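These are the residues of each chain, in order.
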Amino acid sequence: MTSPSFNILKKNLKKDFKKFKNIKVAILGDSATQFLTQAIRAIGWEKQLDLEIFEADFDQIDRQVLGANSDLYKFRPEIIIIFECYQKTTELFYNLNDKQRKSFAYNSKTKIKNSYKIINSRLGAKLVYFNFPQMNDGVFGNFASKIETSLPYQIKKLNSLLNKLSTTCGDLFILDLASLVQKLGTKIAIDQKFWSNSSLALSIDMHPIVAKNVVDIICAANGDVIKCVIVDLDNTLWGGIIGDDGLDGIQIGELGIGKSFSQFQLWLRELRRRGIILAVASKNNERVAKDAFKNHPDMILSLSDFAIFAANWNSKIDNIDNIQKTLNLSFSSMVFLDDNPLEREIIKKTFPLITVPDLPQDATEWLTYLQEENLFETASFSVEDKKRTRHLRQNAKRALRYESFADETLFLKNLKMVAKIGPFNTFDIPRVAQLSQRSNQFNLRTVRYSEEQIKRISQSKKHLTVAVQLKDKFGDLGLISAIILEKTSDTLFVDTWIMSCRVLKRGVEDLVMNHILSLAKGLGTKTIVGEYIPTEKNGLVKKHFPNLGFTKKKGLWQLPVSKCEKRDVYIRTN
Amino acid sequence: MENKIILKKVNNIFKDVLDDKKIKINEKTTASDVQDWDSLTHIQLVVAIEKFFKIKFTSSELIKFKNVGDMVSAISEKLK
Numbered sequence: 001m002t003s004p005s006f007n008i009l010k011k012n013l014k015k016d017f018k019k020f021k022n023i024k025v026a027i028l029g030d031s032a033t034q035f036l037t038q039a040i041r042a043i044g045w046e047k048q049l050d051l052e053i054f055e056a057d058f059d060q061i062d063r064q065v066l067g068a069n070s071d072l073y074k075f076r077p078e079i080i081i082i083f084e085c086y087q088k089t090t091e092l093f094y095n096l097n098d099k100q101r102k103s104f105a106y107n108s109k110t111k112i113k114n115s116y117k118i119i120n121s122r123l124g125a126k127l128v129y130f131n132f133p134q135m136n137d138g139v140f141g142n143f144a145s146k147i148e149t150s151l152p153y154q155i156k157k158l159n160s161l162l163n164k165l166s167t168t169c170g171d172l173f174i175l176d177l178a179s180l181v182q183k184l185g186t187k188i189a190i191d192q193k194f195w196s197n198s199s200l201a202l203s204i205d206m207h208p209i210v211a212k213n214v215v216d217i218i219c220a221a222n223g224d225v226i227k228c229v230i231v232d233l234d235n236t237l238w239g240g241i242i243g244d245d246g247l248d249g250i251q252i253g254e255l256g257i258g259k260s261f262s263q264f265q266l267w268l269r270e271l272r273r274r275g276i277i278l279a280v281a282s283k284n285n286e287r288v289a290k291d292a293f294k295n296h297p298d299m300i301l302s303l304s305d306f307a308i309f310a311a312n313w314n315s316k317i318d319n320i321d322n323i324q325k326t327l328n329l330s331f332s333s334m335v336f337l338d339d340n341p342l343e344r345e346i347i348k349k350t351f352p353l354i355t356v357p358d359l360p361q362d363a364t365e366w367l368t369y370l371q372e373e374n375l376f377e378t379a380s381f382s383v384e385d386k387k388r389t390r391h392l393r394q395n396a397k398r399a400l401r402y403e404s405f406a407d408e409t410l411f412l413k414n415l416k417m418v419a420k421i422g423p424f425n426t427f428d429i430p431r432v433a434q435l436s437q438r439s440n441q442f443n444l445r446t447v448r449y450s451e452e453q454i455k456r457i458s459q460s461k462k463h464l465t466v467a468v469q470l471k472d473k474f475g476d477l478g479l480i481s482a483i484i485l486e487k488t489s490d491t492l493f494v495d496t497w498i499m500s501c502r503v504l505k506r507g508v509e510d511l512v513m514n515h516i517l518s519l520a521k522g523l524g525t526k527t528i529v530g531e532y533i534p535t536e537k538n539g540l541v542k543k544h545f546p547n548l549g550f551t552k553k554k555g556l557w558q559l560p561v562s563k564c565e566k567r568d569v570y571i572r573t574n
Numbered sequence: 001m002e003n004k005i006i007l008k009k010v011n012n013i014f015k016d017v018l019d020d021k022k023i024k025i026n027e028k029t030t031a032s033d034v035q036d037w038d039s040l041t042h043i044q045l046v047v048a049i050e051k052f053f054k055i056k057f058t059s060s061e062l063i064k065f066k067n068v069g070d071m072v073s074a075i076s077e078k079l080k
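The listed protein sequences derive, respectively, from chains C and B.
No gaps in the numbering here: position 306 of the first sequence is 306 in the numbering used here, and each next residue is one more.
No gaps in the numbering here: position 33 of the second sequence is 33 in the numbering used here, and each next residue is one more.
A hint or two may mislead.
Unchecked claim - Within a straight-line C-alpha distance of at most 20 Å, the following computed PhoX-like cross-link-like pairs (lysine-lysine) qualify:
| id | chain 1 | residue 1 | chain 2 | residue 2 |
| --- | --- | --- | --- | --- |
| 1 | B | K9 | B | K56 |
| 2 | C | K18 | C | K47 |
| 3 | C | K113 | C | K47 |
| 4 | C | K505 | C | K566 |
| 5 | B | K21 | B | K8 |
| 6 | C | K471 | C | K420 |
| 7 | B | K21 | B | K80 |
| 8 | B | K8 | B | K28 |
| 9 | C | K187 | B | K56 |
| 10 | C | K187 | B | K54 |
| 11 | B | K78 | C | K11 |
| 12 | C | K471 | C | K113 |
| 13 | C | K526 | C | K542 |
| 14 | C | K187 | B | K28 |
| 15 | C | K15 | B | K21 |
| 16 | C | K99 | C | K157 |
| 17 | B | K22 | C | K11 |
| 18 | C | K416 | C | K473 |
| 19 | C | K420 | C | K552 |
| 20 | C | K487 | C | K416 |
| 21 | B | K21 | C | K14 |
| 22 | C | K413 | C | K566 |
| 23 | B | K8 | B | K78 |
| 24 | B | K54 | B | K28 |
| 25 | C | K47 | C | K21 |
| 26 | B | K8 | B | K80 |
| 27 | B | K51 | B | K9 |
| 28 | C | K11 | B | K15 |
| 29 | C | K455 | C | K487 |
| 30 | C | K473 | C | K397 |
| 31 | B | K66 | C | K14 |
| 32 | B | K15 | C | K15 |
| 33 | C | K14 | B | K9 |
Please keep in mind that the hints were generated in silico from the structure rather than gathered at the bench.
None of these values were measured; they are calculated from a predicted model.
Build out the structure end to end from the sequences listed, making use of the hints.
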């Protein structure tokens, strides 16, 4: 969705938000933030979110953050946005002496870190902080790079320190305003006339873009992320048609317009590296299509970059349907890239939940366009991401093996599964947070946690945590299930039970249940209590608790520890 | 461009920005006469007018606008 104009966006504010998920957001700024509030709420509608926004009075950032009983804390937002405009920052800076200027970036970073700590400890809220547009103030010209006390020098340093800060503060998200302003162009992004007359730090046209990126961050934290990109081949990954032009004729690398396709492939490979699943859906002879990847010297993507390679004469619709079923992902987590507008229309109409970017006609413009769409925002990144494609290809081998076993028990035994099961350790935290944000199907209560929150839970005396890592003879599947248990006087409540769908029907649930049972016995717990909160996507686990022997009492599932029996599993534990 | 035509086009811009097809303005109309015309939407109106007529008001010109008539005259001047 390229950002619509503010005027068109504003019309969303009159639409119906009733069925949407409510998320409380606070906006604190030292400039006029009313348009930003409107734009964010309006874009929230596009993403089916009811963003309930508290907008602090003008220039009240410190008072709201530091005041123990301020409106901010009374509102209890989940997300806090702080926007300190470069105009005010410049004024502040020019009133400092040289000594203060030298430590400006460092002191500013420290102040933001303190605000983050206060907010995080009082509310556990996420902080979205806008970084600073990097403009030269014409005082030293390009020479400013050599002057530590110059504004350009300190602003660049501050932005760099903010990046570093965000690597250690899990709930701090830096909105890269500097990049956004640069992309649109400072002359268009900032209108000095309205700064002067109305304290508006950004132009009206800039607001939809900033709002979109704010909402992108909120959506990612909410588990609404893209996981898979499906690509066409001819005229999408290379110029020309492999079936007609042959290996020598397709344009990639130095041939013809090949450079733009090489660039595009390089970026797609980068996505794969980052954990996005790539799949091919193309009308082509399979051998001829695969041959292009095996034998073209300038091909950047290789067959191992694709989790699924569907090159055949079936309709693209069937291929995409199969890809979705095989990967077991929701359509809303998929992106479809095809140079042909007619193909795109068909896929858009058939699968309204798939994101189908309207690629510009000229392939040289694709990357600029796609990068602006900001499709791959995320709120987590773990070691699992880097291994994802490899794991999926291993999974495909497992699936093939399954076909050859008539007896399920024999199949499970033959897998030679080994699990490591125990409380969350430091290394598990990013992956557990990611699972909590991304899992939609095997997720009993769909509570989303940030890394910071998982860290706290792992250290809490009120909680017990369980992480399960699984290996089988085909490879290491990594951390595939996470459970959080809350201790009360005589019960153990299952706050969170999530599992990767890759390991369904393997007995992991039973392994976990055995483990919970032993934990409960160790504590002297009388009852294990679970809750199933139905969503659109988790119908899979509707019968999870009854299958494990729980009975329903007052809307919750209960199992007396005395009635639990150890279950059979074909998984060895270390 | 004749003032009458400028007024008609400005009226259309008001209808679009304020999302109200019933708005009818004349040269004497002020913010107190139009329900959704406040300091915020005023900025949107000015930006929309600048875009439509491909002109730019200066900040001192902006402060002087007291009614629609002032805006129309300013637009007319810029278009000469």
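List of violated hint numbers, smallest to largest:
Numbers 3, 7, 11, 12, 13, 14, 19, 20, 24, 31 and 33, in rising order.
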